[in-house]
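2 protein chains.
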Amino acid sequence: MNSYRSLRIALLGAGSVGSQVARLLLEHGDEFAARVGAPLELVGIGVRDLDAKRDVELPRELLTTDLDTLVASADIVVELLGGIEPARTLLLEALAAGADVVTANKALVAAHGPELFAAAEIVGAQVAYEAAVAGAIPIIRPLEHSLAGDRVIRVMGIVNGTTNFILDRMHTEGSTLEESLAIATELGYAEADPTADIEGFDAASKATILASLAFHTEVPASEVHREGITGVTSDMVAQAERAGRVLKLVAICERLPAGEGQPGGAGDRVSARVHPVSLPATHPLAAVRQAMNAVFVTAEAAGDLMFYGAGAGGPETASAVLGDLVSIARRHVAGGPGTAGSTHAKLPLAPFGEVLARHEIALTVADQPGVLSVIAGLVALHGVSVESVRQDVRDGAATLVLGTHTATEARIADVLAALEQQDDVERIDSVIRLID
Amino acid sequence: MNSYRSLRIALLGAGSVGSQVARLLLEHGDEFAARVGAPLELVGIGVRDLDAKRDVELPRELLTTDLDTLVASADIVVELLGGIEPARTLLLEALAAGADVVTANKALVAAHGPELFAAAEIVGAQVAYEAAVAGAIPIIRPLEHSLAGDRVIRVMGIVNGTTNFILDRMHTEGSTLEESLAIATELGYAEADPTADIEGFDAASKATILASLAFHTEVPASEVHREGITGVTSDMVAQAERAGRVLKLVAICERLPAGEGQPGGAGDRVSARVHPVSLPATHPLAAVRQAMNAVFVTAEAAGDLMFYGAGAGGPETASAVLGDLVSIARRHVAGGPGTAGSTHAKLPLAPFGEVLARHEIALTVADQPGVLSVIAGLVALHGVSVESVRQDVRDGAATLVLGTHTATEARIADVLAALEQQDDVERIDSVIRLID
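Just so you know, the protein sequences line up as chains A and B, in that order.
Take the first sequence: its position 390, counting from 1, is numbered 390 in full-length UniProt numbering, and each next residue is one higher.
Take the second sequence: its position 253, counting from 1, is numbered 253 in full-length UniProt numbering, and each next residue is one higher.
Since the hints were derived computationally from the structure, they do not count as laboratory data.
Just so you know, not all the hints are guaranteed correct.
Since the list gives no way to pick out one identical chain from another, each pair is judged satisfied if it fits inside one copy or across any two copies.
Said to hold, decoys possible - Straight line, CA to CA, 16 Å or less: simulated EDC-like cross-link-like pairs of lysine to aspartate or glutamate:
| id | residue 1 | residue 2 |
| --- | --- | --- |
| 1 | 346 | 223 |
| 2 | 346 | 85 |
| 3 | 346 | 30 |
| 4 | 346 | 173 |
| 5 | 346 | 49 |
| 6 | 346 | 31 |
| 7 | 346 | 51 |
| 8 | 346 | 199 |
| 9 | 53 | 199 |
| 10 | 346 | 218 |
| 11 | 346 | 304 |
| 12 | 346 | 409 |
| 13 | 346 | 423 |
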């Protein structure tokens with residue numbers, strides 16, 4: 001052990017993750033000191049309410065509501081407050097003072113990552129945020145470092161545990177979205193207001209972060225196309241099951257070729273989007289059950305990679321936070337500035353309308369001769385070619401399930417608008433994108 | 001782009017991985033320069049034979065057989081020669097001169113890792129070896145950094161593609177070990193002399209590396225218990241199939257508790273071993289097909305994580321090598337010494353005899369009354385308790401399959417020795433360890 005002075009750690013937030021971070025830092029102090037080469041001294045825990053009930057009992061003398069003063073005294077600030085403010089201002093203050101930063105705050109990194117990274121670069125400080133995406137799963141570091149010599153083509157991730165739990169339950173128990181959400185809430189997987197999860201806002205924040213890293217390009221959260229799971233019905237789940245498929249909410253970050261052909265050139269564009277997809281049951285992501293997370297990465301040289309693990313949970317997320325803390329502290333002791341991924345590529349963003357996908361469109365149509373021909377003609381008119389048609393007659397109404405060949409989202413949107421205008425079409429029951 | 005001078009890269013070896021590394025460096029030079037903040041200049045490629053046939057055509061003027069001179073001129077040396085010498089001496093020379101090192105050489109890192117790391121520490125140089133374990137899969141960096149704040153309990157990996165291909169084929173095609181090996185050789189998955197793969201030497205090198213990283217403890221290759229797949233028969237595969245199980249060759253690195261109870265204390269010991277296991281078909285590792293690799297990690301706080309991808313292949317392994325190269329080059333440009341994982345913990349190694357496992361022992365026994373009772377008594381005499389017995393009579397001989405409760409390897413070895421002495425036991429057909 002060398003005689004490096006203690007590193008002063010300020011912890012902001014003592015919720016389910018923060019209280020575990022504090023506990024592990026206090027309990028395993030010797031082990032952290034040995035790994036880092038210097039003791040990590042927890043100098044304070046910034047909280048809103050000194051008397052709030054916590055998962056873990058924390059030393060009273062460490063708690064403070066004066067977050068500004070706490071931050072000003074730290075070598076490394078660990079931010080687990082969540083939300084944009086006051087987290088953003090506190091971290092900018094910390095970075096301006098030369099402190100390093102660890103954060104698990106996906107909303108903040110998605111919205112203000114570039115601002116934080118720029119502030120860090122000025123003083124040579126480090127910003128780490130492994131816990132901001134997919135909890136315990138190492139994915140930020142692999143994208144930033146391990147794949148730094150490769151060209152990422154696609155990142156497709158189950159990055160929201162709540163919605164995965166709900167969809168998984170709809171598949172395994174045959175329950176409705178509402179029932180599954182109720183269970184998720186009961187078990188603590190869903191928050192009282194589940195909007196951020198089920199409408200895909202949470203996954204969209206993560207898509208922003210993943211796309212920016214994967215493509216060395218700033219991808220603003222506002223550019224992420226977002227659809228949640230509220231449109232997923234029991235019928236859609238049952239239909240997927242019959243076809244040997246599984247519905248999942250995924251964040252897809254994709255490099256799109258400039259013209260025809262494979263991505264890889266300078267004219268490529270990038271897309272980030274969140275929506276439900278239908279996966280073959282044999283796809284590695286289809287096996288991701290309950291509230292687990294997984295990220296499937298395809299790179300030009302590396303081929304397919306998958307990273308699987310717990311996407312949330314106090315101790316699980318604390319593991320990622322502490323991994324960042326130890327790595328940053330080692331660098332602090334060794335000296336030299338932080339190094340970060342770059343956004344040098346500045347690839348243009350492809351509008352969602354130009355993204356390609358295969359769709360499955362289920363319609364209820366009038367049960368009379370010639371309808372199929374009318375609809376097929378209408379679809380063809382918009383330049384979309386039909387790969388498969390399944391027809392099913394029940395109670396006088398006919399269901400038509402059209403599987404399209406790969407087409408742009410814009411063409412599919414036109415097709416759907418035209419179908420809605422069609423007299424023979426009673427209603428569009430569902431639209432789902434297919435992944436091979 | 002700043003105006004940092006070029007970094008001089010020396011590449012040693014131009015086999016299937018080396019030639020891909022050279023190709024990508026030459027083709028994507030601008031992209032590497034942007035990611036690093038300085039151009040990466042490939043100053044030479046050290047080879048044994050200037051005229052050897054290669055996967056990729058390389059600029060003749062870069063090839064050299066004078067490896068010593070090449071290494072002496074480099075900022076970063078990328079070693080893809082394989083084997084211990086001359087790789088070891090060349091890298092020690094490079095490190096002594098202050099150069100950073102990237103290597104994919106598992107045998108070298110397993111046997112001489114500590115020597116290389118010590119040489120690097122003296123001058124503040126970096127050693128990276130992501131490609132040495134599980135090809136394209138990021139596993140070294142996650143263990144060294146992402147899990148640096150957690151306590152790893154177990155690492156269980158399919159880290160040899162050749163043996164996974166063979167076992168997978170035995171399962172899916174019902175072919176014998178010999179037939180599967182022949183196909184593996186034909187397809188280029190197995191080398192002309194397959195000993196290093198099928199006898200588990202390759203996996204054992206990787207177990208050494210993984211265990212040392214996971215437990216912050218030097219684990220010498222000589223301490224890794226090693227069994228290959230040559231004892232795996234078609235009967236064993238068929239029997240596993242019937243029980244809903246899959247046979248896999250795995251490297252297991254485990255933290256064993258000091259006494260009773262869970263690991264986690266200061267008195268813990270570590271074990272690293274390679275042998276076939278029987279996994280439930282639902283285990284994530286059971287789904288790893290063909291020549292793919294995967295590493296399943298269990299940590300105290302993070303829980304279960306899995307890393308999946310291609311374990312070999314020229315471009316795939318080149319991806320890992322180039323990821324290391326870019327990361328190291330960024331640090332080179334930023335300044336400051338390298339930081340490495342530590343071996344501070346110095347946990348004692350548990351002898352293989354003290355490792356715990358459940359075993360399934362298949363015996364051919366005399367088909368006469370009382371045999372089961374004799375054998376059950378003999379097993380109990382050695383302190384091993386039997387969880388299940390299946391009996392099967394065919395052609396006058398009876399097969400007895402004993403499933404044991406968890407017992408130490410030493411006790412199981414005693415049981416097997418005693419069974420061999422037993423007159424009623426015609427032969428021990430197979431022994432396989434069960435993973436839940």
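How the hints compare with the structure:
1. Taking identical chains as interchangeable, the C-alpha atoms of residue 346 and residue 223 lie at most 16 Å apart only when both belong to the same chain, with a minimum of 14 Å there against 50 Å between chains.
2. Within a single copy, residue 346 and residue 85 get their C-alpha atoms no closer than 28 Å, and across copies no closer than 44 Å, so neither meets the 16 Å cut-off.
3. Proximity of residue 346 and residue 30 under a CA criterion of 16 Å is satisfied inter-copy only: 14 Å between copies versus 44 Å inside one chain copy.
4. With identical chains, the CA atoms of residue 346 and residue 173 are never at most 16 Å apart, being 45 Å at best within one copy and 48 Å at best between copies.
5. Proximity of residue 346 and residue 49 under a CA criterion of 16 Å is satisfied in neither setting, with 43 Å inside one chain copy and 42 Å between copies.
6. Taking the closest pair of Cα atoms, residue 346 and residue 31 come within 16 Å of each other only across two copies (12 Å); inside a single copy the shortest separation is 42 Å, beyond that limit.
7. Taking the shortest alpha-carbon separations for residue 346 and residue 51, neither the intra-copy value of 47 Å nor the inter-copy value of 41 Å comes in at or below 16 Å.
8. For a Cα distance limit of 16 Å, the shortest separation of residue 346 from residue 199 qualifies neither inside one copy, at 29 Å, nor across copies, at 49 Å.
9. Neither within a single protomer nor between protomers do residue 53 and residue 199 lie at most 16 Å apart by alpha-carbon distance, with minima of 30 Å and 56 Å respectively.
10. Taking CA atoms no more than 16 Å apart as the test, residue 346 paired with residue 218 passes inside one copy only; the shortest distance there is 7 Å, against 43 Å between copies.
11. When the C-alpha separation of residue 346 and residue 304 is checked against a cutoff of 16 Å, the pair qualifies neither within a copy, at 24 Å, nor between copies, at 36 Å.
12. Proximity of residue 346 and residue 409 under a CA criterion of 16 Å is satisfied in neither setting, with 23 Å inside one chain copy and 57 Å between copies.
13. Taking the shortest alpha-carbon separations for residue 346 and residue 423, neither the intra-copy value of 46 Å nor the inter-copy value of 76 Å comes in at or below 16 Å.
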